[in-house]
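Visitor: Here are the chains, one letter per residue:
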Amino acid sequence: MNGVHDMGGMHGMGPIQPEKNEPVFHGKWEGRSFAITRAMGAWGKWNLDATRFQREQISPLDYFRMSYYERWMVALVELMLKNGMVTPAELESGKADPGMVKQHSPLTAQKVPILVSKGVPARRDVPVAASFQAGQRVRARNINPVGHTRLPRYARGRAGIVDRDHGVFLFPDTNALFLGEKPQHVYSVCFAARELWGEQAAPQDSVYLDLWDDYLEPA
Amino acid sequence: MTTTRRDFLTSAVTASGAAVTSGHAHAQDHTHDHGHDHQVVPSDPALRVTALESLLVEKGLVDRAALDALIDTYENKVGPRNGARVVAQAWSDSAFKQRLLTNSDAAIAELGYGGLQGEHMVVVENTAKVHNLVVCTLCSCYPWPVLGLPPVWYKSAAYRSRSVIDPRGVLREFGLELAADVEVRVWDSTAEVRYLVLPERPAGTEKMNEAELAALVTRDAMVGVAKVASPQEGGPA
Numbered sequence: 002m003n004g005v006h007d008m009g010g011m012h013g014m015g016p017i018q019p020e021k022n023e024p025v026f027h028g029k030w031e032g033r034s035f036a037i038t039r040a041m042g043a044w045g046k047w048n049l050d051a052t053r054f055q056r057e058q059i060s061p062l063d064y065f066r067m068s069y070y071e072r073w074m075v076a077l078v079e080l081m082l083k084n085g086m087v088t089p090a091e092l093e094s095g096k097a098d099p100g101m102v103k104q105h106s107p108l109t110a111q112k113v114p115i116l117v118s119k120g121v122p123a124r125r126d127v128p129v130a131a132s133f134q135a136g137q138r139v140r141a142r143n144i145n146p147v148g149h150t151r152l153p154r155y156a157r158g159r160a161g162i163v164d165r166d167h168g169v170f171l172f173p174d175t176n177a178l179f180l181g182e183k184p185q186h187v188y189s190v191c192f193a194a195r196e197l198w199g200e201q202a203a204p205q206d207s208v209y210l211d212l213w214d215d216y217l218e219p220a
Numbered sequence: 021m022t023t024t025r026r027d028f029l030t031s032a033v034t035a036s037g038a039a040v041t042s043g044h045a046h047a048q049d050h051t052h053d054h055g056h057d058h059q060v061v062p063s064d065p066a067l068r069v070t071a072l073e074s075l076l077v078e079k080g081l082v083d084r085a086a087l088d089a090l091i092d093t094y095e096n097k098v099g100p101r102n103g104a105r106v107v108a109q110a111w112s113d114s115a116f117k118q119r120l121l122t123n124s125d126a127a128i129a130e131l132g133y134g135g136l137q138g139e140h141m142v143v144v145e146n147t148a149k150v151h152n153l154v155v156c157t158l159c160s161c162y163p164w165p166v167l168g169l170p171p172v173w174y175k176s177a178a179y180r181s182r183s184v185i186d187p188r189g190v191l192r193e194f195g196l197e198l199a200a201d202v203e204v205r206v207w208d209s210t211a212e213v214r215y216l217v218l219p220e221r222p223a224g225t226e227k228m229n230e231a232e233l234a235a236l237v238t239r240d241a242m243v244g245v246a247k248v249a250s251p252q253e254g255g256p257a
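Protein chains in written order, with my numbering: chain W, 2 to 220; chain Z, 21 to 257.
Just so you know, the hints here were simulated from the structure itself, not pulled from any lab data. Note that beta-carbon positions come from the ideal geometry of N, C-alpha and C, so glycine has one too. Some clues are possibly wrong.
Claimed, not checked - SDA-like cross-link-like pairs, simulated, lysine to any residue; straight-line CA separation at most 20 Å: (1) K119/W x D88/Z; (2) K97/Z x P24/W; (3) K175/Z x F26/W; (4) K119/W x E197/Z; (5) K96/W x G85/W; (6) K97/Z x E139/Z; (7) K29/W x T30/Z; (8) K119/W x K175/Z; (9) K112/W x L49/W; (10) K83/W x K29/W; (11) K149/Z x E197/Z; (12) K79/Z x Q104/W; (13) K103/W x R84/Z; (14) K112/W x N48/W; (15) K83/W x G80/Z.
To be verified - Partner residues are not named here, just some residues of chain W that face chain Z (Cβ under 10 Å, in silico): (16) H12; (17) W44; (18) W47; (19) R66; (20) L178; (21) L180; (22) E182.
Using the sequences plus the hints, can you model the full thing?
Guide: Laid out in C-alpha cells, this is it:
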C-alpha cells in the first residue's frame, strides 16, 4: 500500500537526533511491548509480513503521532482481535472472559534461547528458476498494490543492475495476506542515485534494494 | 480499517484507579528538542501495556518468564559488542575477512552469532573510496544478532526518509564529511537480508590485539553513519 510507512525520499521530517547513551528500552513498557509481540507471534496465527502490514494500516496521523512501540501494541491488539485471541469485552474490562479456557503459551522461557538463536528464516530451499542474473539490467515494475509490498515507491519504474542473487525467499505480498508463500528469487539491485533522484545526486552514488522476481522486469 | 484502536484497555486502566495522564507528558529529564520519534512517552501506554500483559497472562497466552527472558536477551546478551568482535576479527585475520565478505552468515556463525532478525546477513566493506550506509525505509530492519535492537534514530522518520535521497547530508549530521570522490552505497533493507558495515581499520592500531580493536568499534560505524576513530583521536566517538 502507498502508505506513510514508505518514507524513502520524503522531505520535511527534520534533523536526525541521536541520543547519547541510549538505553535498549526507554522505560519498562517498551521492553514489555517488544516481548509480548514476540511471544504472541509464537502462536503462529500470523507472520512477520502480516504484522508489518497491520502496522502499515495505522491511520497516517496516528502513525506519526505514536512512538514505535505504541504502533507495535496497536497492531498486536488488532491481530489478536481478528484471530479471536482476545474479545472486545476483555479489552474493555481488562479481565478474561469467565468462560475462557486457559491456554499454554508455546513460547516458554526455556524456548527463548532457541527462538533467538534459530530465528524464523524466510529463505526457502525449493527449486525455483531465477528470472535474472547478476550483471543484468532490470526495471522495478510500476505497481501500486493496495496490500503489503516491499517495493518502495521511490524505486518503481526505475532501472538498475542486478548485483547479486540472494536465493529463494517467501514472497511478502502474498504471505502478508495468507495467500501462500510463493517462493521466488530475491536480488540485490543497484540503482544509480541519479536514476532515482536526478541530477542533485552525486554521479557515483547508488542505492541497493533487495527485490523479488515479481517486482522486476527486463530493461 | 478506518480508525486506530489506540484506546485499548483505557477503561480497564481507569477502573483500576491508575492515573491516566493525557497527551505528551514528559519525564523531567527529557530535555532535548522535540519534533522526532521520541519514546519517552506519556504514562498511559505504559499502563495499557501493563493491563494487556495481565490479561494475556490470565488467559495463558503469554508466559511472563518468557517475556523476562526476551528482554534480558536484548538488554544484556545481544548487542553491538557482538558486531565489534566480528569486525575486530576481520581486521586481524585476512582469511576470516574474505569468508566474512563472501559468505557472511557462515563467517559470523564461526563466532557464535546468528538467528532472529539476522537469519540472512551480508557484510559490506568500507574502503578509502567506498562508503556504505544501511537503512530500512519501510520499517526498522536491522541485524539483531550482531547489533542488537536498533536505536530510536534508526527507526525515525528523519533517517528513513533522508538516507536514500541525501546520504551525504545525513552523514554530515553525524559529523562525517565525505570527500566528493568517495562512492556512497546505501543499502535499503527491503527484504529479509540484514546488512552490517565492515568499517575501515583506523591508523595507529597496528599493534592492537582483537579485544583492543573491538573496543574501538562503535555501533554507528557498523551501520555506516560514522568511521571508527583512531586511538590517537580519542577512541570511540
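Visitor: Determine for every hint whether it applies to the structure shown.
Guide: Hints versus structure:
1. K119/W x D88/Z: Since the Cα atoms of K119/W and D88/Z sit roughly 19 Å apart, the hinted pair holds (cutoff 20 Å).
2. K97/Z x P24/W: holds (14 Å)
3. K175/Z x F26/W: holds (13 Å)
4. K119/W x E197/Z: Violated: K119/W and E197/Z sit about 39 Å apart, past 20 Å.
5. K96/W x G85/W: The hint holds at about 15 Å.
6. K97/Z x E139/Z: Within the cut-off at roughly 17 Å; holds.
7. K29/W x T30/Z: Holds, at roughly 19 Å.
8. K119/W x K175/Z: violated (24 Å)
9. K112/W x L49/W: Measuring from Cα to Cα gives roughly 19 Å; hence the hint holds.
10. K83/W x K29/W: violated (27 Å)
11. K149/Z x E197/Z: holds (13 Å)
12. K79/Z x Q104/W: holds (6 Å)
13. K103/W x R84/Z: holds (15 Å)
14. K112/W x N48/W: holds (18 Å)
15. K83/W x G80/Z: Within the cut-off at roughly 18 Å; holds.
16. H12: The hint holds - H12/W has a Cβ within 10 Å of chain Z, the shortest such distance being about 7 Å.
17. W44: holds (7 Å)
18. W47: violated (14 Å)
19. R66: Holds. Min distance 9 Å.
20. L178: violated (15 Å)
21. L180: violated (18 Å)
22. E182: violated (12 Å)
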